[in-house]
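Participant: Protein sequences appear in the order of chains A and B.
Under UniProt numbering, the first residue of the first sequence carries the number 1, and numbering increases by one thereafter.
Under UniProt numbering, the first residue of the second sequence carries the number 1, and numbering increases by one thereafter.
It is possible that part of the hints are untrue.
One copy or two, either will do: identical chains are not told apart, so a pair holds if it fits within one copy or between any two.
What the hints assert, rightly or not - EDC-like mimics (lysine to aspartate or glutamate), calculated; alpha carbons at most 16 Å apart, straight line:
{"hint": "1", "residue 1": "K10", "residue 2": "E86"}
{"hint": "2", "residue 1": "K207", "residue 2": "D235"}
{"hint": "3", "residue 1": "K119", "residue 2": "E46"}
{"hint": "4", "residue 1": "K400", "residue 2": "D368"}
{"hint": "5", "residue 1": "K215", "residue 2": "D235"}
Hint data in this document are derived by calculation from the structure and do not stem from the laboratory.
Number of protein chains: 2
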Amino acid sequence: MSDTRPTKVKPLSGFPEYLPEQRIIEQHFLDVIRATFELHGFPSIETRSVEPVERLLGKGGDADKEIYGIHRLADEGGAGGRGEAELGLHFDLTVPFARYVVENAGRLNFPFRRHQIQKVWRGERPQEGRYREFTQCDIDVVDVGELAPHFEAEMPLVMAEVFAGLPIPEMVIQVNNRKIPEGFYRGLGIGADDVTEIQDTLRIVDKLDKVGSEKVAALLVDAGRTPEQARAVLDLAAIRTQDTTFVERVRDLGVEHPVLDEGLAALSAVIETGAAAAPGAMVADLRIARGLDYYTGTVYETQLVGYESWGSFCSGGRYDELASDGKNTYPGVGISIGLSRLLGLLLGKGLVGASRRSPSAVLVAVTDEGSRPASVAVATRLRSRGIPCEVAPAAAKFGKQIRFAERRGIPYVWFPGAGEADDQVKDIRSGEQIDADASSWQCPQEDLRPQVVRLGE
Amino acid sequence: MSDTRPTKVKPLSGFPEYLPEQRIIEQHFLDVIRATFELHGFPSIETRSVEPVERLLGKGGDADKEIYGIHRLADEGGAGGRGEAELGLHFDLTVPFARYVVENAGRLNFPFRRHQIQKVWRGERPQEGRYREFTQCDIDVVDVGELAPHFEAEMPLVMAEVFAGLPIPEMVIQVNNRKIPEGFYRGLGIGADDVTEIQDTLRIVDKLDKVGSEKVAALLVDAGRTPEQARAVLDLAAIRTQDTTFVERVRDLGVEHPVLDEGLAALSAVIETGAAAAPGAMVADLRIARGLDYYTGTVYETQLVGYESWGSFCSGGRYDELASDGKNTYPGVGISIGLSRLLGLLLGKGLVGASRRSPSAVLVAVTDEGSRPASVAVATRLRSRGIPCEVAPAAAKFGKQIRFAERRGIPYVWFPGAGEADDQVKDIRSGEQIDADASSWQCPQEDLRPQVVRLGE
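Just chain A, with the same shape it has in the complex (with noise of 0.2 Å):
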């Protein structure tokens, strides 16, 4: 592409790029993500990344989700243009996979599970952790009607199972059920004459992390609620367990609703499931509340532990309509990884690496470039065996070619010799050099692939 101009360029603030070595530790982190979804059942989908913007607007539960709108640079009037619909970029997966599940429900077996990797956008005033650009990995499962609950215990398994396989600090997901807070507080009176007093009294716990339980205490009560509602509210909240002993916690507090027995029931459910299945993983916590329209059971957040303060970086849970044809509703559960997040946070504080920045375990050196072909066949015979590996660009002095291994972290340097049986292969870490056959060696197999590691702990 010819670029006579002096280029100015320059990063786009909330669009990160990575450089090779980093995109190594994603691809990691993506192959761990989509080997383990696909080992629990779930096959892959991709939606394309626009939609209507009428259908994006007003759903996902904040009303100021900033969307960006697409237009045709070649028509005058800006957006849509040949009188086609106004389209915009996704800003999640849940609003396009619902759109694809009503468009395709005829071609679809239910209960239908999936997962979805796909990039999204927001245009919101970029920060630390936020972006204008970055990647969600989902899963969820739709069913026609009506919902079996075992899968609300699935879906903190499977991310369970990513996080073990991830080389990062200790994940923890924590699950209550919408019911328990909606039980509790009618259980407590409010939203007896006005029910809109529960969703109020959500709104302000929601707070707790950021304002402390005194404030909270405050604003319930300049809210209409009784200093002693105010108070059971806060001690609802404080209840964090991992066994189902949270459920004596809230009868300690005597209150008593039936959708509050409902509530205990499913999350009780839930905790057993992940107890029995990956001790450690998940913790009922009752102050959890994931955004207030649309999740009617089941709610997941997740902490990295020690990094509390960056808030959740997996979220979800069950929605009673994830979608409606005008015939059938098809209510889900599902969960979903922040990945750009997450990574954000890893890198920007050393706390992953690569072992190079070259998928090449071997570069093979070329002697002159007269007999570059040998050093391609060479490389020929390597690959045939799966052996990443690459040839020196140049007939360089050996001592420059070890250096251009050096730097991209590439292990091996393959010198091929004069006759067939003459080459040498050095592991340019030890300095060993031994002889070698491009039909026959191996390769340790943890140098095959770079290798991606926890760091700085």
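The hints should help you fit chain B onto chain A, whose structure is shown.
Facilitator: Same frame as chain A, but now just chain B:
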């Protein structure tokens, strides 16, 4: 996501989406492409999806690339807003790669090789095989100041290996060197007084596939070439050989020029390397011109044998100046697979298929809801040994659970027994049912993952 309005949904023209069984095919193609690129030492990078519009405009050869701008809906004024530069979605991966190289030049090792597999967007009117959102798979090598010519032979060999690994009909990579027609035309006296005659002639010859040689001859004469020049130009374009005999055929035309000699030597080196490493994968085809502005040496196009009218599925070439930062220029060579176009053809014609629509190799049946934990435990044991599986959604009659597996193409159904040792597994294709232990049962290798195969020929 609550969506209580009856939802009207329909596909958006030009924005293809796949069903899970089609996506499995796409993933297989992506996996083969990435694995082959990495086997050849090309690390991955991704660039952000947007560039400043100013950078996108006037690049890429065609002035009429249809660019999508993006704008924050929250901005009344439309595009840009808050004093930020106007942004657009990239229409290829070369323009952002050039910017990435300049931006990160101090942190990359040159010669720098990379692969890049991403979506790109063009607001063109959609038609068969043309999309508004589609996936490109690029490799490039770029250096500072000078780029060694052997990379021009390497690019098509990597692609030949990709094609050999895919379940597709034969691909033929057509190679030319821009210096051959240029030197040949000069040798004929074209461009002696007015150098634009050479571009004009190339542009007319480029129409050969569309309008035929008689019409091209007439157009050449209209453009001021003599009938003798026109005949020689067409004679050159007709030369296509699998080996280096094209040199002799050109010499037989009796035209001489030093630039022609350079081109013939360069193309000979590429074809010789290709014939040695991948016999039959490449041809010298002296008609290929591949855009008219920025390629300066070797150029590539690729035909799917039997579907030549679909045009090229994999193209590229050498450019002396991929980018410049005022101090350095960055010559490069690259080649790109148009994956969406290729899959559009293969899926549309039913030439490729997947053995199932789920990653699960096993469905673990559930005898009754009370024993679901036992079924989950079986699934956990199978997964711990890398066997993808899922647990039946409901404790329905076994016949119904088997049909659940059948509809997804899941080959095995596992029946947990009452005791530890009483499990059985059924291959639902053959009907064979055997005793099995989830800690030791071997899933046949070919059933572990969905198989993607060539069909219909």
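Participant: Look at each hint and say if it fits the structure.
Facilitator: Right, here's what the structure says about each hint:
1. K10 x E86: between (30 Å within a copy, 14 Å between copies)
2. K207 x D235: Classified as within; 15 Å inside a copy, 78 Å across copies.
3. K119 x E46: both (10 Å within a copy, 12 Å between copies)
4. K400 x D368: within (13 Å within a copy, 68 Å between copies)
5. K215 x D235: Within. Shortest intra-copy distance 14 Å satisfies the 16 Å Cα cut-off; inter-copy 87 Å does not.
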